[in-house]
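Please work from the sequences and hints to get the whole structure.
As they're listed, the protein sequences go chains R and L. Per this note's numbering, residue 1 is the first one in the first sequence, and the count goes up by one each step. Per this note's numbering, residue 1 is the first one in the second sequence, and the count goes up by one each step.
Every clue listed holds true.
Label-pair ranges, simulated between beta-carbon atoms:
| id | chain 1 | residue 1 | chain 2 | residue 2 | range |
| --- | --- | --- | --- | --- | --- |
| 1 | L | 39 | R | 83 | 22 to 32 Å |
| 2 | R | 66 | L | 44 | 26 to 36 Å |
| 3 | L | 102 | R | 8 | 18 to 28 Å |
| 4 | L | 112 | R | 5 | 22 to 32 Å |
| 5 | R | 80 | L | 14 | 47 to 57 Å |
| 6 | L | 58 | R | 66 | 27 to 37 Å |
| 7 | L | 16 | R | 79 | 51 to 61 Å |
| 8 | L | 14 | R | 18 | 48 to 58 Å |
| 9 | R | 80 | L | 68 | 45 to 55 Å |
| 10 | L | 39 | R | 115 | 17 to 27 Å |
| 11 | R | 42 | L | 44 | 15 to 25 Å |
| 12 | L | 20 | R | 18 | 43 to 53 Å |
| 13 | R | 52 | L | 59 | 26 to 36 Å |
| 14 | L | 68 | R | 15 | 44 to 54 Å |
Everything labelled a hint here was simulated from the structure, so no lab data went into it. C-beta: ideal position from N, C-alpha, C; glycine also.
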Amino acid sequence: AQSVAQPEDQVNVAEGNPLTVKCTYSVSGNPYLFWYVQYPNRGLQFLLKYITGDNLVKGSYGFEAEFNKSQTSFHLKKPSALVSDSALYFCAVRDMNNNAGNMLTFGGGTRLMVKP
Amino acid sequence: DAGVIQSPRHEVTEMGQEVTLRCKPISGHNSLFWYRQTMMRGLELLIYFNNNVPIDDSGMPEDRFSAKMPNASFSTLKIQPSEPRDSAVYFCASSLSRSGNTIYFGEGSWLTVV
Chain R
1 AQSVAQPEDQ VNVAEGNPLT VKCTYSVSGN PYLFWYVQYP NRGLQFLLKY
51 ITGDNLVKGS YGFEAEFNKS QTSFHLKKPS ALVSDSALYF CAVRDMNNNA
101 GNMLTFGGGT RLMVKP
Chain L
1 DAGVIQSPRH EVTEMGQEVT LRCKPISGHN SLFWYRQTMM RGLELLIYFN
51 NNVPIDDSGM PEDRFSAKMP NASFSTLKIQ PSEPRDSAVY FCASSLSRSG
101 NTIYFGEGSW LTVV
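Printed below as a string of structure tokens:
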């Protein structure tokens, strides 16, 4: 089975400060990991993913995430937050060894609030 | 590319009526997903098609819900009869079927059943 946890319902950060949105996962094999962002009244937009290779993955809008196998984590980070980054963020996982197609398991989402 | 296209974007209907949501996946994608998003339950996978064939429908809430994919460029999600608890945002998403490929979402169909 594959699962993902986002331990924080909401993260508050001041504009210009670094931000971290946490994600931990559980898979039986090796993971594929994804981050998506959802702005109000919009669909989920792909930010970045880890498949293999460098543990530090860079994505859209200046976001990056670090894959940590020993801690089974894939935290989303940005060096300097913008008010426009305020949105709902979803982490998702796919077990490489799962033969049931390309289904992702999503976390419950973390609301990021960036205040001026 | 136009992305995943869903219609209608918004629908308000009365309890007991039939609701049909439509989806056009990204051209060339052979996996299609229907998700439901609510405040209480978050994002739930309802059904997953691969090459137009339903692979996993374990998330479909009950017999009132049905989904079809008659060809590679079109899918429907039908609710009959609709109930107020079906009020949610329904997302369609598509990808190439190989594991690890990015899943792309449509803008959603916002359903309100009164």
